[in-house]
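K.L.:
Each chain, letter by letter, is given below.
There are 2 protein chains.
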Amino acid sequence: MSPASTSPTPKTIDPRESIAEERKAPGFPIRELTYWIDGGKKATELKESIMLELERDPLWRVNDNPNLTLAETRERAMKKIRRLADQAMSHPLENTMVRMSIISVVDPGFWTRFGVHFGLFVGALQGQATPAQLAYWMEKGALSMQGITGCFGMTELGHGSNVAGLETTATFDAATDEFVVHSPTLTSTKWWIGGAAHTATHCSVYAQLVVDGRRYGTKTFVVQLRDTKTFELMPGVNIGDLGKKMGRDQIDNGWIRFTYVRIPRSHMLMKHTKVLRSGKVIEPPLAQLAYGALIQGRVSMVSDSANVAKRALTIATRYASVRRQFGDGAIETKLLDYPIHQHRLLPLVAQTFAMIFAAREMTSSYRQLMSELGKLGDATGAKADEAIKNLKETHATSAGLKAFCTWMCLNIIDQCRQSLGGHGYSAYTGLAQAYSDFAVHCTWEGDNTILTLQCGRYLVATALDARKGQPLPANLKYLARAMAQNGAAKTTGPCTGSTAEEVSELRVLEAAWGSVAANAILSAVRAFETGQAKGMSKDNAYEFSSAARLHAARMHSYTYLLQRFVTQVEQSPAALRPVLTLLARLFGAHSAVQHSGEFLQSGFYSGSQIEALKTFVNSACTEVRKDAIPLTDAFGYTDYVINSPLGRYDGDVYEKYFDLVTSLNPQKPVPYFDSLIRPLLERTNESELGPELEIDQEE
Amino acid sequence: MSPASTSPTPKTIDPRESIAEERKAPGFPIRELTYWIDGGKKATELKESIMLELERDPLWRVNDNPNLTLAETRERAMKKIRRLADQAMSHPLENTMVRMSIISVVDPGFWTRFGVHFGLFVGALQGQATPAQLAYWMEKGALSMQGITGCFGMTELGHGSNVAGLETTATFDAATDEFVVHSPTLTSTKWWIGGAAHTATHCSVYAQLVVDGRRYGTKTFVVQLRDTKTFELMPGVNIGDLGKKMGRDQIDNGWIRFTYVRIPRSHMLMKHTKVLRSGKVIEPPLAQLAYGALIQGRVSMVSDSANVAKRALTIATRYASVRRQFGDGAIETKLLDYPIHQHRLLPLVAQTFAMIFAAREMTSSYRQLMSELGKLGDATGAKADEAIKNLKETHATSAGLKAFCTWMCLNIIDQCRQSLGGHGYSAYTGLAQAYSDFAVHCTWEGDNTILTLQCGRYLVATALDARKGQPLPANLKYLARAMAQNGAAKTTGPCTGSTAEEVSELRVLEAAWGSVAANAILSAVRAFETGQAKGMSKDNAYEFSSAARLHAARMHSYTYLLQRFVTQVEQSPAALRPVLTLLARLFGAHSAVQHSGEFLQSGFYSGSQIEALKTFVNSACTEVRKDAIPLTDAFGYTDYVINSPLGRYDGDVYEKYFDLVTSLNPQKPVPYFDSLIRPLLERTNESELGPELEIDQEE
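Just so you know, the sequences run in chain order A and B. Note that this note's numbering numbers the first sequence so that position 262 is 262, with each residue one more than the last. Note that this note's numbering numbers the second sequence so that position 373 is 373, with each residue one more than the last.
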């Protein structure tokens, strides 16, 4: 703590010089990598023009968000709604999508406020209304928010993931040709309904369809909440405000209770299940098609995970390239030059690239699937069976990846925040709020644990089907060899290399991960079969195997990400291939070291090969460190989107951090000096009673 | 999503019944466990009386904290300062300590606001002032906040962990017998100074002592910031407000800049280094003694980790015992009955017990050490050497444990929050704010990564000393066998058991962890030696080995926690021993499965033994589940301290959650309906320009 005697006056370095030197000799063409990440030059340019447009619009100021009250936060969000709604109507769809993907990074709470109407409410109409119903609601202004603002009434106080268990009822009254929507219990109160507290005139309500005393499961009904002229609540509708949340305070979540609210029969969305005037219920041939909308939300959360991680890592690496601490000489050492700091951040950079590429492939296979399903219409037969099979696969994969990537991103945000030291705890450096905003991604649109188990169930079922001769889907080909070995623990033979270089080749890592994932799936199959052998029902046997299923899904997700990464490396321009290969290897090797037990148990790597992998991770970190700033520059976010003085492109962190903090918190007299502090300082010991009262004592 | 046809109307169960049935047949005497956790019946009763006292004091209302603005939050905190300061003066010290430990759970931001004065400012005086100086400041009212409120000026904008690198200077002016305190650069601005923005009249400033142009390292100086009558800033002092933070907004962190501020020479705290009137500097024989104060802070953060984890797990397990979801029959299944939910929560319960016992032992060994050091005085010789050695060990262990336990607790909070599903995202269910408040524990009082590396450095140095014949400290005895084998990888022989029961016996787990920790330390020694063999300096060789050191410190911390757990089990009352033994085994086995690679590499466990460990973890979770509610009941926090409707003792979660949310957020007309929503709804498409303007076109 106190090195005796004369140390020289420490030298300080202009942080702008510190970051500038990081850009002198990038190991790859930065701009080309940006194009590759964004999906081409045109996509990058569109993104850049939209970032600029937002930055220049005073409505879109975000760096003072931390100083707004809840009421101010919500009001500011409402102001932006109109701007965006008008743009959505008049600009090409692609622009709106890019704008929303930027906004989800810059202002996630607002993204939700807007998304509840355009994504969930309109999405429910698009996915569940008949063409005539859709036309009706569009005519009423549902798409453009002219006359209608919507919210999405699924979750209840007592029911989240178990949609089939929702308690709200919609009972058909044949006499009047109406449904009576009702909340029978406290726990059936609609809860967390974004937009309900302040914004919405209508709600797509998920409720139990009841006809003639029979329950037909959860269907969707459009219920008007407020008069569109006066905003008074409609008869039978009660609404409350859920107030403060961990994050995303831009969106006004509320609760809704329905007391015998009557709606016309036509307000049930009848694309799938229909209720006729007679009360006859017609159920759809392909109930699973309703899943499509769920997948879209999940795929977009994989993209969002990648985008938010890009921002977090840009902040953390830029700060690490200018922040100096300890060191030998008169000049302190950059954080980024410490091996441990490289270990903290650079594997996360590799993870982020893995998520970028997984998101891209998920998006394109989702679009392909939807287009196939669209062409299919109401057809049945072999083609329909095939489409259902693909839908199931995409559904399971998207469930697993949504969970895996949102958890990964949440961890990246917090690791990056911690890497900023104390400054990570300021509300003005950007990552504290990023964490609070992002955290809900792990819960909504399917709780991550439940989604991971769903994915695990699919993996077990697929392995069982394959044993019966069904072909394996493309992403699960790695199971084939393991299956051929009759389920024995060893799958792809052990790694034959011994040097750090050999054990970390991409094709070796891919085989390694395939082997571990196959093992994990077969182990979950065994757990399931053990449960069945004990006489459990199928569902109970799945429950019994849940820890193994969860693990299998995680191992599968790593493998899926590595596979996608490898594919993208192979397709990438030659100039980018070396750095992307290095990142893919770092991703695969670092994750393998983190799970070394699995690899040792599967027999793919020996103990000394694991040590060699660790050596590779060390050297890969040293290599990636050289390009850490060019790599995060290539993410291509402007300072406006980064929205953190510590993550500025020019490295001028201290001046700009000081300026931001002082401009947002101008010094004023301490408001409670006279009322509280002066009396504290000037008080004297209370001894007004004088000496203690003495009383006689007997011994 | 839509099970066709008639499912029966679901039954709802009163959640109070659901939790009541959990308490019908506890497997151990709950009250006795509470006594054991708290350290005896008397301690429990004192804790209970203080919880009740706080609950009944309207000043201490906390359940509306989420709805306060930053300004209201700070003002409310200031109101409580006086109450607590008066109590601290008039009540026994033990009461104040228990009160503060409750407050650190109920209201962590206030705890900091109060602790900055009583812990840090007064602590600096106690640790670094001469007896005469201490008497002077006490006389001025420093202890009782009568005339003086203090803050602690260590961190700077550009310097955190590297205290020796602080830039603020205190230059001796022999002509006037004063020090001139000065902030030479922007980065030397004191930053994060709790209490500076609104509260403090004085600051203990850490600055470079400069005498006659020579620098003597960082020393501490008391500098007055504000006039105590008017609260005007003193000449040369500038202060600003750091505004909003991730959490702990009760404390008014600020920045301070000094421009040639003059203070009397006597305001340098001279218990260790002295500056005489002549300018002669006398440095202390035992510079390390200044570490003592650091240790206390770290030990208290281990206790705090245990206490905060107790609250989080009480909320999560109680909610899991009443929340129902999915399931076979008409009644949905309790979350706590799902194996995966047991896996999510119950190992965390075991971790919490491990932290409780580690905190207790750390506290008592710290007190013993301080008492020894106190007796020692200024003596030198063998006794002093021994004391310094103990100090180093306690310093290193406390550093490692502070990091390990705060990270563990942060993870526990977030796992518990996620286990509440969507309700975990509400500000009124308690864990979102708990996370934000707690997160700073991973950074302040020593950044966790740096502390872990310090602990790792101590472990490497100790192993090197032992090789030279120095005796091993008690907590590192496990190194002995590994050392005897001349540093070879195998240490304690491989486990001989094969059943789940055998591989998870406590003595086996203890040996297993000792073996893995020894391996990790020897591996860090090898990395260090490799660095030296490459010609690196000692410091650079340590840097080179940092990933291995970090890992060694983590493995050592697990081992330390398990050892403490075993000791406590052995000393516990017979009635508690079975349940504590089960928890200790779950802690050791679950952590081992999480790090299975280390155990396979060390050769202690084989692959099939790891599988047997997993089987044990599954069955231990099933066992612990039976007593999950009694165990968290035994933590002994009242509903006031739990401060979450989902964690209520009586299980009446839905009614009370609804009541809290609605009472704190009464419904009012939407404030911006007329200004923003109506114009949005009623707008028409803008086409005032009529048809597009046509212009001539040439082909």
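Just so you know, not all the hints are guaranteed correct.
No copy labels: a pair is met if it fits in one copy or bridges any two.
Derived lysine-lysine pairs resembling DSSO-like cross-links, with alpha carbons at most 27 Å apart [as the list claims (entries may be wrong)]:
no. : residue 1 : residue 2
1   : K244      : K274
2   : K389      : K24
3   : K80       : K244
4   : K24       : K538
5   : K80       : K668
6   : K534      : K375
7   : K229      : K668
8   : K538      : K477
9   : K79       : K244
Please keep in mind that the hints were generated in silico from the structure rather than gathered at the bench. These numbers come from a predicted model, not from an experiment.
K.L.:
If a hint holds in the structure, say so; if it doesn't, say that too.
P.N.:
Right, here's what the structure says about each hint:
{"no.": "1", "hint": "K244 x K274", "in the structure": "neither (39 Å within a copy, 53 Å between copies)"}
{"no.": "2", "hint": "K389 x K24", "in the structure": "neither (51 Å within a copy, 48 Å between copies)"}
{"no.": "3", "hint": "K80 x K244", "in the structure": "both (20 Å within a copy, 24 Å between copies)"}
{"no.": "4", "hint": "K24 x K538", "in the structure": "neither (61 Å within a copy, 31 Å between copies)"}
{"no.": "5", "hint": "K80 x K668", "in the structure": "between (31 Å within a copy, 22 Å between copies)"}
{"no.": "6", "hint": "K534 x K375", "in the structure": "neither (45 Å within a copy, 67 Å between copies)"}
{"no.": "7", "hint": "K229 x K668", "in the structure": "between (44 Å within a copy, 17 Å between copies)"}
{"no.": "8", "hint": "K538 x K477", "in the structure": "within (25 Å within a copy, 50 Å between copies)"}
{"no.": "9", "hint": "K79 x K244", "in the structure": "both (20 Å within a copy, 24 Å between copies)"}
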